[in-house]
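Asks: If you count the sequence shown from 1, position 5 lands on 4 in numbering that gives the first Met the number 0, and the numbers rise without skipping.
Simulated from the structure, these hints should not be mistaken for laboratory data. Cβ coordinates follow ideal geometry from the N, Cα and C atoms, glycine included. What you were told as hints is all true, and nothing was included just to trick you.
In silico DMTMM-like links for lysine to aspartate or glutamate, alpha-carbon gap of 20 angstroms or less: (1) LYS52 - GLU25; (2) LYS176 - GLU46; (3) LYS176 - ASP201; (4) LYS176 - GLU100; (5) LYS176 - ASP90; (6) LYS176 - GLU213; (7) LYS176 - ASP34; (8) LYS176 - GLU214; (9) LYS52 - ASP266; (10) LYS52 - GLU261; (11) LYS52 - ASP264; (12) LYS176 - ASP208; (13) LYS52 - GLU263; (14) LYS52 - GLU100; (15) LYS176 - ASP41.
The calculated label-pair distances, taken between Cβ atoms and stated as ranges, are: (16) ARG83 - ASP109: 23 to 29 angstroms; (17) ASN91 - ASP264: 14 to 20 angstroms; (18) ASN91 - THR71: 38 to 44 angstroms; (19) ASP266 - ASN91: 18 to 24 angstroms; (20) ASP233 - ASP264: 42 to 48 angstroms; (21) ASP109 - THR182: 16 to 22 angstroms; (22) GLY73 - GLY187: 22 to 28 angstroms; (23) THR182 - PRO51: 21 to 27 angstroms; (24) ASP112 - ASP216: 33 to 39 angstroms; (25) GLU48 - GLY73: 23 to 29 angstroms.
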Amino acid sequence: MRRSLSILTLAALTTTGAWAHSPPGEFLFAVQFPDANIPTVDGNLAEWEVVPKIPYEYGNEWYSDSAFGSGTRGEIDVSDLSVRQIVGWNDNNNRLYLMAEVFDNVHNSDREDPAQFWTDDAWEIYLTPTHFDHVGGGELTVKQSFNFAMPPVGGNWGQNLPAFEWRVDPFNDDTWKLEYTFTGEEFGESTYYYELWIQPLDFIPEDGDRSAAEETDLEEGQVIAISWTFGDFDEPGTAYQGFWSVSPESCCQATNDMVMSELEDIDWGQQAASAVEADSWGRIKSQFVDK
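All chains, please: the whole structure from these sequences, using the hints.
Replies: Set out below in structure tokens:
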């Protein structure tokens, strides 16, 4: 279901200046994990099942065939590709947590060059916490991208830009960690389950010097720019059979607005570190209007 926020609610939520992102007037939401319930990144998504579908789960109702800015909303062929994803965050460690469940009638991973993730079925995440992207010029760049095509080829787990290069290990110290599992045929009809945490960065030197980067201080109500896509190849050496995205724009950009949610009173299955105040976040969500 499509949701939008009133102008007054938007003003209360945003902590940054004005910007123009797409789709206009729509917001994604990241669920806040208490310290005691931070997901273990192991490819087992059971911990995510308690997260409410609305407003946190995003699936096939978004955009298909959007690789070149021609996305169509809600017309994905679920017999070919079916996806769902949730994003979370934690206030104390300032990390984003992402899960994805992807059914594919043919899981393709046959690239000869380990670096060419875009020729196989891939999960791509683009992140700009400050909404300002200086890629292509200027002293600093703030966009991070994380690109994964599983299983690894030649030991290559994925690409992290800018200048974090290709990784041959699923755990990159303090930048990200990815794990995955699957059911079905590894290279046939299957469902892949991905878990990832990301350390978002406000500023990254053009040379990618991690020691000089500035970590993002995530806060409740903060709005960051983020988008993610799934490319679908069924036959080697051909064009995309499908390209699913939360953004109608072309690939490789962070164009969606995502709100860092307050801590909700969710039954996590164990004692949460704290609980949401009585009506603050519920009142915000009650101002959604169907669009």
